[in-house]
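Use these hints to put chain B onto chain A, whose structure you have.
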Amino acid sequence: MNAPCSWFAALCDVFVREIKGIYQSRGIVAFCFYAPVFWILVVWALLGNGIIQKAKVAFIDNDRTPLTREIARAISAQEYIGLESWTDPRSALDALAAGEVYGVLLIPAGYTRDSLKGRGGSLVLWADENRYAVAGTLRVGLNEVMSAIHIQDVYASVLKTGAGPTISRRLISAVHSDFYSLGNQEGSFLGFLGGTLIPSLIMIAAMFGFLTAFLRELWHKSVSRWLACAGGRFSVAIVGKLLPWYFIYSLIFMFYMALFSGEGGFNITGPVFAWALLGFLCLADFASVAILIAALSPTWRMALVAGAGYAAPALPFTGFSIPQDSMGEAARIFGECLPLTWLVQGQADVWTLGSSLADLGAPLAAMALLIFIPASIGAPLLKIIYGKRAMKEERAS
Amino acid sequence: MKSPFACFLQTLRACVTDMSCAPFFLVAVLFYAFYYCWPYQAQLPEHIYAAIIDEDQSPLSRRLVQSIIASPDFRVLKSGVDRPAAIEMMKKGEISSIIGIPSDFEKDALNGVPTAITLVTNGAFLVVARMQVSGASAVLARAAAEAVAFRVAMDGESVGDLALATLDNAPLVVTQAMYNDISGYLSFAVSIVFVIIFQSIMLCGLCMLLNDWFSRPVYPDPLVLSFGSPRYLFALIAPVMCICFFWVLFVEGFAFAWHGINSFQNIPATLLCGGFFAWAISSLGLLIGMLFKNSRFAIHAIIISSLPCVFISGNLFPWNNIPVYARLLAWFFPSTPGSDCMLRASQAGATPDEIYPYLVHMLFLGIIYFILAWLVSRKYKGEKGESAMADQERSLAGLAPDPRSSI
Numbered sequence: 042m043n044a045p046c047s048w049f050a051a052l053c054d055v056f057v058r059e060i061k062g063i064y065q066s067r068g069i070v071a072f073c074f075y076a077p078v079f080w081i082l083v084v085w086a087l088l089g090n091g092i093i094q095k096a097k098v099a100f101i102d103n104d105r106t107p108l109t110r111e112i113a114r115a116i117s118a119q120e121y122i123g124l125e126s127w128t129d130p131r132s133a134l135d136a137l138a139a140g141e142v143y144g145v146l147l148i149p150a151g152y153t154r155d156s157l158k159g160r161g162g163s164l165v166l167w168a169d170e171n172r173y174a175v176a177g178t179l180r181v182g183l184n185e186v187m188s189a190i191h192i193q194d195v196y197a198s199v200l201k202t203g204a205g206p207t208i209s210r211r212l213i214s215a216v217h218s219d220f221y222s223l224g225n226q227e228g229s230f231l232g233f234l235g236g237t238l239i240p241s242l243i244m245i246a247a248m249f250g251f252l253t254a255f256l257r258e259l260w261h262k263s264v265s266r267w268l269a270c271a272g273g274r275f276s277v278a279i280v281g282k283l284l285p286w287y288f289i290y291s292l293i294f295m296f297y298m299a300l301f302s303g304e305g306g307f308n309i310t311g312p313v314f315a316w317a318l319l320g321f322l323c324l325a326d327f328a329s330v331a332i333l334i335a336a337l338s339p340t341w342r343m344a345l346v347a348g349a350g351y352a353a354p355a356l357p358f359t360g361f362s363i364p365q366d367s368m369g370e371a372a373r374i375f376g377e378c379l380p381l382t383w384l385v386q387g388q389a390d391v392w393t394l395g396s397s398l399a400d401l402g403a404p405l406a407a408m409a410l411l412i413f414i415p416a417s418i419g420a421p422l423l424k425i426i427y428g429k430r431a432m433k434e435e436r437a438s
Numbered sequence: 004m005k006s007p008f009a010c011f012l013q014t015l016r017a018c019v020t021d022m023s024c025a026p027f028f029l030v031a032v033l034f035y036a037f038y039y040c041w042p043y044q045a046q047l048p049e050h051i052y053a054a055i056i057d058e059d060q061s062p063l064s065r066r067l068v069q070s071i072i073a074s075p076d077f078r079v080l081k082s083g084v085d086r087p088a089a090i091e092m093m094k095k096g097e098i099s100s101i102i103g104i105p106s107d108f109e110k111d112a113l114n115g116v117p118t119a120i121t122l123v124t125n126g127a128f129l130v131v132a133r134m135q136v137s138g139a140s141a142v143l144a145r146a147a148a149e150a151v152a153f154r155v156a157m158d159g160e161s162v163g164d165l166a167l168a169t170l171d172n173a174p175l176v177v178t179q180a181m182y183n184d185i186s187g188y189l190s191f192a193v194s195i196v197f198v199i200i201f202q203s204i205m206l207c208g209l210c211m212l213l214n215d216w217f218s219r220p221v222y223p224d225p226l227v228l229s230f231g232s233p234r235y236l237f238a239l240i241a242p243v244m245c246i247c248f249f250w251v252l253f254v255e256g257f258a259f260a261w262h263g264i265n266s267f268q269n270i271p272a273t274l275l276c277g278g279f280f281a282w283a284i285s286s287l288g289l290l291i292g293m294l295f296k297n298s299r300f301a302i303h304a305i306i307i308s309s310l311p312c313v314f315i316s317g318n319l320f321p322w323n324n325i326p327v328y329a330r331l332l333a334w335f336f337p338s339t340p341g342s343d344c345m346l347r348a349s350q351a352g353a354t355p356d357e358i359y360p361y362l363v364h365m366l367f368l369g370i371i372y373f374i375l376a377w378l379v380s381r382k383y384k385g386e387k388g389e390s391a392m393a394d395q396e397r398s399l400a401g402l403a404p405d406p407r408s409s410i
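One line per chain: the protein sequences are A and B, in this order.
The working numbering applies: residue 42 is where the first sequence begins, and numbers increase by one.
The working numbering applies: residue 4 is where the second sequence begins, and numbers increase by one.
Read the hints as simulated data drawn from the structure, not as lab findings.
Certain hints may be false.
[As the list claims (entries may be wrong)] Keeping only pairs whose Cα atoms sit at most 30 Å apart, straight-line, the calculated DSSO-like set for lysine-lysine is:
no.: 1; chain 1: A; residue 1: Lys424; chain 2: A; residue 2: Lys61
no.: 2; chain 1: A; residue 1: Lys433; chain 2: B; residue 2: Lys296
no.: 3; chain 1: A; residue 1: Lys433; chain 2: A; residue 2: Lys61
no.: 4; chain 1: B; residue 1: Lys382; chain 2: A; residue 2: Lys262
no.: 5; chain 1: A; residue 1: Lys61; chain 2: B; residue 2: Lys296
no.: 6; chain 1: B; residue 1: Lys296; chain 2: A; residue 2: Lys262
no.: 7; chain 1: B; residue 1: Lys95; chain 2: B; residue 2: Lys110
no.: 8; chain 1: B; residue 1: Lys110; chain 2: B; residue 2: Lys81
no.: 9; chain 1: A; residue 1: Lys61; chain 2: A; residue 2: Lys429
no.: 10; chain 1: A; residue 1: Lys262; chain 2: A; residue 2: Lys424
no.: 11; chain 1: B; residue 1: Lys382; chain 2: B; residue 2: Lys296
no.: 12; chain 1: B; residue 1: Lys81; chain 2: B; residue 2: Lys95
All figures in this text were calculated on a predicted structure; none of them were measured in a lab.
The following block holds chain A by itself, in its conformation from the complex (with noise of 0.2 Å):
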């Protein structure tokens, strides 16, 4: 009957004792807990309310007739594009090679006479794909003016075959395509890199606070003054030394989440229950890992260089730029293979989808797995070294 209450009393013990820890350590503190939460707030911040505006593209316009004004006056109404005049094209494109101006759009000599034949004629955009969110932007936003002109000059040319005002708004009018983009139908990049940069950011300085937990005692040569503080009791001094750290960026996370979906006003349509459960999951993911490197790695230099290395380059294997369908076989299982992409995947389908507990089986058994595995290997290895580790102190002591 003791053995629980043992357990749990020793459990507090270290627990407090981690907490005076991170209270006693600025660096800790610092760096641990004040400079993730600035950087989440700076990169909310800098998107703004997340909508490309006014981006600069050099306009060149060779034609100078008032259809090519009217185009001008049209593509300067749409919010993404910032129209420049620029007179010679050479020299704007120097302008994109410098990186002045993210396009060169040209009407070149001749197109409202071949508008006005019937043959059609074409605006010439060179885009920087090299900032390709921008061009991807540009080109949206252009062709969406341009179908609109080209919408209304196909009315005038069939309303002069005399079919009439009926028929000619049948046939422009009737049948349109309309895209939805479930859960940012207004294209927020706010929207796209807050759920996906910021859950990165907030899981990267867990994986550096889960080790720093470890570290402290290799730093201090105290382990065995910790593992005296569990009582002997290696679970009890794992789960009591993460705890106060997962308890923090549970906070952090939650932080996000009111961030998110408060301030952000992305309208979560699933339940803020199932999004939380795998921000919580994936932590403990992150600190079971922390585990594993902790006790593998030579030094805690070392420790620190694996966790940056698993943490920071996790992003991109998630799916969120490319998707995983279009990455090769090996690519998409290791992605599979790292919590980040499940957090991403679940929390947009939470978001964009609806998905209930239910429907997030797969991410939520995956994220149980990865906490199980790394932990089951790590923490023997952890407690055979980190016990060696002790007794030499107390050797030395």
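Structure of chain B alone, referenced to chain A:
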């Protein structure tokens, strides 16, 4: 006393042999040159995996479905499904978009009542959604117009042909993809992110080296001599500059060529950019290393800030849309001018004349950080090093100072 060149050699040796920093200087960039590119190998999403919900089941909607299935842009995994089944497929990740044809589509289309074909994508993955919309818009518009024109022509209206003819006109906008011919994601993401990877790795490496030296009971000579001496400080960072420059050349040259990424379009400008970038980040690393001294949180600070650095560089989100304070913050990171400069010089082929603002920016940052590092290092003057200790021991033993120490 050792010469600056001897300090340079000793530091270089430490950079490649000291296990506290050698993994950063020797292995990390090589590893990331392939690891980071791995998921992007396909460059572009291969197909738009879609399901079609046909709620009309009319001859017109069937014709439309056939047109969409025939399109190479879509891979229709299922057609004729109901909406809940399609959403279920999307939740399972089997499809990334749903095309919907509403009920009474044919009736509305032929009676002039506005109706729409819908494409539903997942807005959580905006770049992919944009690709899907961009790829699908022309296909859907053409399929719909063809279907309607076909039906109108069957009713004997000659204007159907006219509508079809207008579709065969020249495209509205011809887009010329500059510097990344296939608009590939690998070329776009990797060339920007690699500058931040260089920065993080080199900063971590230099900081770990200095941390290791500061943690020793007796500091190595290159460190002790650098306290308050600009010449020796420069000798301390010069090896890191050389290593960084080497890796810039390796990645922009060999690794990017291996991956098929456009690079080295202007060789002098790329070399200049690499050199100035190496100077700026080495100076920043020196400052951070001097400030952190034997504190163990340098890696924490560097890695946590690396991810946001990608986004405040102005290459993913337009610079003029980023708030002033974030721009001000970005100004102090060498990766901001570095990524712009490298994209311009190596990928876009800008000449040295065209990239000089970025070069001046990096030069200026390097000078500021170097001066600050020098000011910080002056505080540590008097802390003893190897030669000083050895000389002290020799003088205590009544011997003359070691002549080799003045090489």
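Structure-based check of each hint:
Only pairs whose Cα atoms come within 30 Å are accepted, and A/Lys424 paired with A/Lys61 is accepted, the gap being roughly 23 Å. Pair hint A/Lys433 plus B/Lys296 holds up; C-alpha atoms about 27 Å apart against a cutoff of 30 Å. This hinted pair checks out: A/Lys433 and A/Lys61 have alpha carbons roughly 25 Å apart, not beyond 30 Å. Restraint check: the Cα-Cα separation between B/Lys382 and A/Lys262 comes to about 29 Å, which is no more than 30 Å; the hinted pair holds.
For a cut-off of 30 Å, the pair hint linking A/Lys61 to B/Lys296 stands: about 24 Å separates their Cα positions. Taken as a hint, the B/Lys296 and A/Lys262 pair is honoured in the structure, with Cα atoms around 20 Å apart against an allowance of 30 Å. Restraint check for B/Lys95 and B/Lys110: the C-alpha separation of about 34 Å exceeds 30 Å, so the hint is violated. As the CA atoms of B/Lys110 and B/Lys81 are separated by approximately 24 Å, the hinted pair is consistent with the 30 Å bound.
The suggested pairing of A/Lys61 with A/Lys429 holds, with an alpha-carbon distance near 25 Å, which does not exceed 30 Å. The hinted pair formed by A/Lys262 and A/Lys424 meets the criterion: a straight-line CA distance of about 16 Å does not exceed 30 Å. A distance of roughly 11 Å separates the Cα atoms of B/Lys382 and B/Lys296; the hinted pair therefore holds under the 30 Å criterion. Of the supplied pair hints, the one linking B/Lys81 and B/Lys95 holds, its CA atoms being roughly 14 Å apart against a limit of 30 Å.
Comparing the model with each numbered hint stated earlier shows that hint 7 is the single one that does not hold.
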